[in-house]
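J.: Here are the chains, one letter per residue:
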Amino acid sequence: MMTRTHLDRLENQSVFIFREAYHAFKNIAMPWSMGKDSNVLIWLASKAFFGRVPFPVLHIDTTYEFPEMLEFREWATAHYKLNLIVKINEEARARGVGYETHDPVTVTHELKTVALQQAMAQYKWDALITGIRRDEDPTRAKERYFSKRNAQFEWDYKDQPPEFWGQFATTAADGEHVRVQLLLDWTEVDIWRYIQRENIPIPKMYFAKNGQRYRSLGCSPITKPIASNADTIDAIIAELETTRTSERAGRAQDHHERNAMQKLRAKGFL
Amino acid sequence: MSATRCRSYGQRGFSSCRCCVPTDQKMSKRQSSTKDRTSAIQHPASSGEATLRVVFVGHVDHGKSTLIGRILSDTNSLPEGKLEQVQRACAAENMEFEFAFLLDALLEEQEQNITIDTTQIPFKTAKRNYMIIDAPGHKEFLKNMITGASNADAAVLVIAANEGVQEQSKRHAYLLSLLGVRQFCVVVNKMDLADYSEARFLEIEKKYREFLKTLNLETNVFIPASARFGENITVRSTKMQWHRGPTLAEALDAMTPLAPPIDLPLRLCVQDVYKFDDRRIIAGRIETGTLQVGDELVFSPANKTSIVQSIEHWQPASTAATSPRGNGGMAIAGDSIGITLQEQIFVERGYVASHSKDTPIETNRFHADLFWIARQPARLSHLYTARLATQEVKCQIVSLDEVMDSSSLERNPTKADQLARNEVGRLTIQTRAPIVLDNHDRLPPLGRFVLVDDGMICGGGIIHGGVYTDRSAIKSKNIFWSEGKITAQARATQHGHRGAVVWLTGLSGSGKSTIAQALERELFIRAMHPYVLDGDNVRHGLNSNLGFAPEDRVENIRRVSEVAKLMADAGNVVITAFISPYRADRQRARAIAMEGNAEFIEVFVDAPLEVCEERDPKNLYKKARAGQIREFTGIDAPYESPVDPEIVVQTNQQSVEESVASILERLLPRLK
Chain A
33 MMTRTHLDRL ENQSVFIFRE AYHAFKNIAM PWSMGKDSNV LIWLASKAFF GRVPFPVLHI
93 DTTYEFPEML EFREWATAHY KLNLIVKINE EARARGVGYE THDPVTVTHE LKTVALQQAM
153 AQYKWDALIT GIRRDEDPTR AKERYFSKRN AQFEWDYKDQ PPEFWGQFAT TAADGEHVRV
213 QLLLDWTEVD IWRYIQRENI PIPKMYFAKN GQRYRSLGCS PITKPIASNA DTIDAIIAEL
273 ETTRTSERAG RAQDHHERNA MQKLRAKGFL
Chain B
528 MSATRCRSYG QRGFSSCRCC VPTDQKMSKR QSSTKDRTSA IQHPASSGEA TLRVVFVGHV
588 DHGKSTLIGR ILSDTNSLPE GKLEQVQRAC AAENMEFEFA FLLDALLEEQ EQNITIDTTQ
648 IPFKTAKRNY MIIDAPGHKE FLKNMITGAS NADAAVLVIA ANEGVQEQSK RHAYLLSLLG
708 VRQFCVVVNK MDLADYSEAR FLEIEKKYRE FLKTLNLETN VFIPASARFG ENITVRSTKM
768 QWHRGPTLAE ALDAMTPLAP PIDLPLRLCV QDVYKFDDRR IIAGRIETGT LQVGDELVFS
828 PANKTSIVQS IEHWQPASTA ATSPRGNGGM AIAGDSIGIT LQEQIFVERG YVASHSKDTP
888 IETNRFHADL FWIARQPARL SHLYTARLAT QEVKCQIVSL DEVMDSSSLE RNPTKADQLA
948 RNEVGRLTIQ TRAPIVLDNH DRLPPLGRFV LVDDGMICGG GIIHGGVYTD RSAIKSKNIF
1008 WSEGKITAQA RATQHGHRGA VVWLTGLSGS GKSTIAQALE RELFIRAMHP YVLDGDNVRH
1068 GLNSNLGFAP EDRVENIRRV SEVAKLMADA GNVVITAFIS PYRADRQRAR AIAMEGNAEF
1128 IEVFVDAPLE VCEERDPKNL YKKARAGQIR EFTGIDAPYE SPVDPEIVVQ TNQQSVEESV
1188 ASILERLLPR LK
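Sequences listed follow chains A and B, in order. By the numbering used here, the letter at position 168 of the first sequence is numbered 200, and the numbering carries on one by one without gaps. By the numbering used here, the letter at position 629 of the second sequence is numbered 1156, and the numbering carries on one by one without gaps.
Treat the hints as calculated values from the structure; they're not laboratory data. Quick reminder that beta carbons are idealized off the backbone N, C-alpha and C, glycines included. It is possible that some hints are incorrect.
If you want the ones that stay clear, here's a sample from chain A, every Cβ over 12 Å from chain B, calculated [to be verified]:
1) L39
2) N44
3) S65
4) D93
5) T95
6) E106
7) L116
8) V118
9) K119
10) V129
11) T133
12) R176
13) I254
14) A259
15) T264
Facing chain A, a subset of chain B residues (Cβ under 8 Å, in silico) [claimed, not checked]:
16) A577
17) S677
18) R812
Among the chain B residues that face chain A by a calculated CB cut under 8 Å, a handful are [as the list claims (entries may be wrong)]:
19) T578
20) K670
21) T674
22) G865
Using the sequences plus the hints, can you model the full thing?
T.: See the structure below:
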């Protein structure tokens, strides 16, 4: 077979980047939200490393997780033989930070970004594999495959390194880390087509039940389902090909205020 | 009006260029057009056809943003309500709507004021999905454009009809040619400002076509258009019925995503060797060509061979039916694969696998055109790291021969010893270890490299002029060079210089021995450690059992090469003075020196045969002419001139002192 499809090319590119990252960094971790993109990452890692995920996966548990997602986490950890690390920002929860009392940007920052910082301080990872995509959000459209964060997790988007010919900026000083973003070129529809082609297990909440489905999955109090009858991947793809609303429209923290996503990301959010 | 700020998208809405051009140039001259475009609305692509990645470039204020905004709008690719939102915002601010604002409005969400980095914007036609790569920013333009355009399938060059071909119209085309983007079309925009004149269009087309020819670029697609009024963008213009060619959308749809280069020779670049279980899997990407189970592979630079036993995939049984990749013992360019080998030879990251009939070049020295993007200029003799595919070697720029003037695009010979940011230089690079490469025009993925300094990518280069040799003629013994306990580095520190082999080649009587001895003296008085190997001290001892038959000559040179390598490893600068008429022998001498990690510098001592025969210091030419000596080089045996020597001296034009001085000038920096 002498031709390759669009999905083959995306897969090849992501596998290539996975292996470059695995070579370049000594101490890698992969945040894993159990969402569809996250599961595609696990799948691509298994392809890159011949059935293994040779680094820990990190679940930042906000304690506001959907029960179905936690169930999926236990199943997938055993299924893929993952080295799972679960991190909760216990300190913030003890202070009473929560959706019941605080705004979503604050909670997201505390329970996700700060929790990630705590895990980074503990495990001293020099690289994080992430599943962000350019089509998700305009601030992500400018990202590089290898994107450095300083010790404060800040992204210097005004002076990004050049990146071409498969050569990446792979160095990080002490305390810094590099985000390796190997799904940048994928779109939401690409992800779904790939899940379909490869038959990748994902949580059932993406599929419509009683006229509703989740298009993007976050914390339960601030993640809203969309009206949809798409109960198969084919139906989801058909739906996405006609919609012109954004994928993260159901995620409250993105819309709490103008440029919320940019503010979250500047502070270290994925 | 130009003092007003648009609430919804800030200052950017006023800017004619999204980078830095004063904002009020453009505001007064237009009236807006948002005429109904429903006929142009495309249904989104639904097939799995590959996305075409198109980079948009053009001179400041030639209407690139307007063009992109118009495409997004006319192909119905904007997020819901975006067009209306921007129109409302304009109305509220009492300003006229422009299509450029659409793009600005999208980008505003990324950065309040100026666009600072490459952005990728998707759109769709009925045929396929597209990704527009927009690389704005003037100071950082080169960095941004290279990042964005290096893997573009195609490019759109925008030229404004009123201003015509400008400096950046030329510079951008040059950079595209350097990056190897070959598929493009030219939009002559703002035809509304040129009265939709065919004559004006043809004038620009002719001028630009002539310029493109100097870059060896060619396109038949020139499109007269007005992005502002939507003429010839997605809808055929009624105002320019003289145009027989396509609209921009038609031109884009006629382009094709880059096909994987399967017809080129195989190059599999090793990323890593994995031993997760009992398999030893060599992982890497096939850059070019195809590979099958059972193929015999040659791994460079070790020059060892083994046969592909398997191509490894991870493909759970449950998915084999839907995924196309579980099948077959064949892989092609673009595939990230893993293989196992029948014979467990040593392989590591950086090795390049090829088929034995078509091997890459292995060298420690190459020529390149290098573009520089770091603030700190590129300097001669500074130690950089070259990365080429998965290889990484230390290297120095040993000569800078020409610098490209980035505005006139003229190549100027230079004596400069550095290359500033945004300049392009033609230069020579010497590596500290063998590097495996191809010429860029033959095999692009192995013909390009980056230079890294302190972890930062500082520049990128395109390799040219490399000489291919028949690898099978050079039999490597595959014996690992065992390093003594004292490292080459330690010896170099103690000696004050590195070891090296300076290989003089040339006809009998060209002046090799004279130059060798003069050079030896010059190095010696600098407290260095030179030593001359020549016929006098080698033929009488080490090689006393050899005659002048062809196989004896080959063996003579082989032994000299080995001795030179050992002496260089001991820290000496070995100067050899042998006719060494065969390229293959000299190539092997280079390979042997490189095995010992010694610098190898080939010096062509060039003088016309008549001059050498006239000199005839040992009366050998006379004897050869008289038939008393057979197979004498230049008379009845060939001399193969070096194709690409490090140094050439012309002894019929240069004195001995001049010759030695020119050698010293190039040699000394390499011994640091």
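J.: So which hints don't hold here, by number, going up?
T.: Violated hints: 1, 2 and 12; rest satisfied.
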